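*Asks:* Chain residues, written in single-letter form:
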Amino acid sequence: MSCEYEDLTKIIKARLASLNIHISDEELSKLSHDLNNLLKISETFDEIVSHEEEPATFFLLRVEDYEKT
Amino acid sequence: MRKHDFLHLSIKEVSEAIKTGEISPVELTTSAIERAKRLNGLLNAYVSIFEHSAIHEAAKAEVEIRAGRWLGPLHGVPLSIKDIFYVKDTVTTAGSLIFKDFIPKHDASVVRRLREVGAVIIGKTNLHEFAYGVTNVNPYFGATKNPWNPDRITGGSSGGSAAAVATGMCFASLGTDTGGSTRIPAALCGIIGFKPTYGLVSKHGVFPLAWSLDHVGILARSVWDVGILLEAIAGYDPADITTLASKTFEAKQIGTYNVKRLKVGVPDDKFLEPLQDDVKKLFWNSLKKLEDEGWQISELKFKYFEHVSACRYIILLTEAASLHVDWLKKNPKLYSEELRHRLMLGLLVPPEVYLKAQRARKVLIREFLRAMNGLDLVACPTTSVTAPRIGEERILVNGVELNVRLALLRLTEPFNALAFPAISVPCGMSKDGLPVGLQMVSKPFHDGFLLAAALAYEEITGNRYKIPPI
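Protein chains in written order, with this note's numbering: chain A, 44 to 112; chain B, 5 to 474.
Here chain B stands alone, though its shape is the one from the complex (with noise of 0.2 Å):
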């Protein structure tokens, strides 16, 4: 095999070549800074790449691995990470002018974790400005394109990621997900979004957007490699007191869940419609074949999607206001006109209506677990959507003119607010040659459980990654 061959390996194949001795982490590195600076100028996927400190600590991992001390199968792995997230030494934009020279002086908690494991981190990835938006189009840092077409959105606000594992300028990402920012991006490029539960992975050092509703995610190329991250970053933080102590996980339960016969609840056309003729057409194609395998699927029986949805937008548009409120008076040209009118309208929120949105999550949390009693997962379209085109604000869904923002965010938004784990799959292609997502939901901290499911899935229906033509 040739070295750029690696690059689209899953990382569970290509920590086994790295193990034996077979290809070297310096090469590997290289190959994906390579191929990363190549693809950039065509893709704007990443913001910066650290070459040098890069193939550093690649060599690092070398020597290590060499001299018998192999940390696991994240050590000598290039992976990439959101510009959100701190990293010691390096600017971190957030995508914004704002922070355009922003240097961190440590490392995010979860960023610290991938480097305990002898992760390499390549480079800093494009979003969305301050993650606030699902398109991806970032006014100051340029629009990050779809490998599948590059007059297409990847969708955000974690683009950047999902367009680097895609085109194996890296093996797997870290994103964030405050209302569908790993899952949209994933499934607009082909690859798996995965969002934990709340409170199963540490925020400390991730730029906030709505604290929350914030959680870090995952990209990645295949649900194994979904798993070996989530193990690296999961746990409890003392930095981040949202994040539990008797929580963690470790990758191995993927494999030890019984997912034969599965219970899957599909929500009414209520909450689903209106959906892409094509997106329509291969979740459900997806289903029936579950279904011919024993899966059972029934009707979610959970009538209050839509409030949901509400509370995520009032409590989002109150925390990121909060959040931003003395940059915005002293800074205002700073934002985006877009992004400065979200946050004056948050300004506006009344008290008593953000701690109303706050209690009602919680009744509404309860009521969606009782709709999922006797079911083991939720399942639906990740969104309505294959990737829009650039520029492009309104957009026709089977005969409904929906805003991009919408019909990118309204079937994964509600899972944020939940705070309820969620993954985007593969699920095949739409006639123009576009990836489609679906969306699979378990019980909270069932997030193991959900990975296995979505394992069996990619079994079943053999909807998995595929490399795009680029």
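For reference, chain A alone in the conformation it holds in the complex (with noise of 0.2 Å):
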């Protein structure tokens, strides 16, 4: 996941832009900042989700799950 902070302001710029959406370069520069850190934040979750015990279900909260425990 992880790239290149200047790759990280051309992939924002052209997302929001297929999605009409415009900003300034102060606020790109914000959001490279945030994004930059979410995406080493999320790299945390892979030593999670190796303690899976069986293949992934689609999240979706049940009793079973709890009461199973």
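None of these hints come from the bench; they were simulated from the model.
Keep in mind that a hint or two might mislead.
No more than 30 Å apart at the CA atoms, straight line, and that leaves these computed lysine-lysine pairs for DSS-like [claimed, not checked]:
id, chain 1, residue 1, chain 2, residue 2
1, B, 333, A, 53
2, B, 337, A, 73
3, B, 92, B, 109
4, B, 274, A, 83
5, B, 337, A, 56
6, B, 334, A, 53
7, A, 83, B, 333
8, A, 56, B, 333
9, A, 73, B, 274
10, B, 305, A, 83
11, B, 337, A, 53
12, B, 293, B, 256
13, A, 56, B, 334
Since the structure is predicted, the reported quantities are computational estimates derived from the model, not experimental observations.
Combine both chains into one complex, guided by the hints.
*Replies:* The following block contains the structure:
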């Protein structure tokens, strides 16, 4: 998931432009910073999902999930 | 007792007075509305007050009760509703400009259920813009002010509800809770805030923030009152697929649990710190009182709080953005700058990151249940700090500078991602006269047990709702 900061700003610009959302350079810089942090945080999920005990099912809270533990 | 004195009673107490005819629902509702109108200029708790319809509902309740058709402890009792719940034929703003003229054609399921048991809806309360924030400083409707000190925030996003309940402008209120939005303002205003297990209460007709994290919450002045409201609103709703057919709730359950010598896990300092000195002292003082009564306090062995919070953060950003994308494209200026930024950030989250957060969440729920093996409850302060000043963005907490948002929600947000039931109860007053909250968490669908434990806590510690000096 990691990518260079400059690549990230290009991706952000392109993604928002595709939604017809236009932002200032200042907003772009802030979004790049926050997205970069977010992607770093998300890397910690790899270790957690490696503890899945069975093939993953889509998230839906069910009583059985609590009661079988 | 003068009629205004009734306004600070609990629902349990006032409903007896209604049932026996000691006070009439019309008198009570008129008094609550008068008080709301008088205090609202100072606190900005309500965005709308339904004077005409509330008196009409109260008069109907009065006739029914006099005719012997008492519907239960909410019959004729004035309540308020956060302005994010649909209330038929009334403006529901969700604290936003986008919905400033939106009038739903139906009640939210929980509002309908409250009406079915005779509750009187007296108004809609102020909130953080789209419930996406925890200060209740709303850019369009103004900040709600803390009844203990109007220079301070109430916390949010259900801050109007907390201020209204704390000051006797209503007897209880419905809020929402996606990261602590019921528990945080309850703690900062000195009342009780309860978030049930995900799936126990319908969210149909509640404008969403993030579907898989959103909960309906209850703000009240006593634990019994929480139970009374929960009985009215809990249970399966065909209009909300996340509600569970097998799960209901009866308030009388609260009295049936054995809550002696409970085993309480307290997270380690890595999660708890930094805490304001007063918050820390009052929290541990309360636990000491419980320990003196035979409760067993031990350290909770759970090393993943940071991961749980990270999951919630990514899920919140993504779900909220997906909901708002069309409005954001058409009317970006109708959002505050802060909210627009968060929504745009959510639009940038790669789908695999969102889905991985949801997969991780399942593992973390399992791990948290394992950590609770042998424990009845988990306890921690509700917030790291007492109510910050209005407009304050950063706050020094025991030598560590924190963003106010983080200082308020970091101890509550994990339990939204985990979906466990959680309650904030009063824990005393700081040296500068501000309330502190203590949060208790139990296992999923042990909501009745959690309320029983909270009631025992109230009785042992003597920490209860106090009337603010306003």
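*Asks:* Run the structure past the numbered hints and jot down the numbers of the failing ones, going up.
*Replies:* The structure breaks none of the hints.
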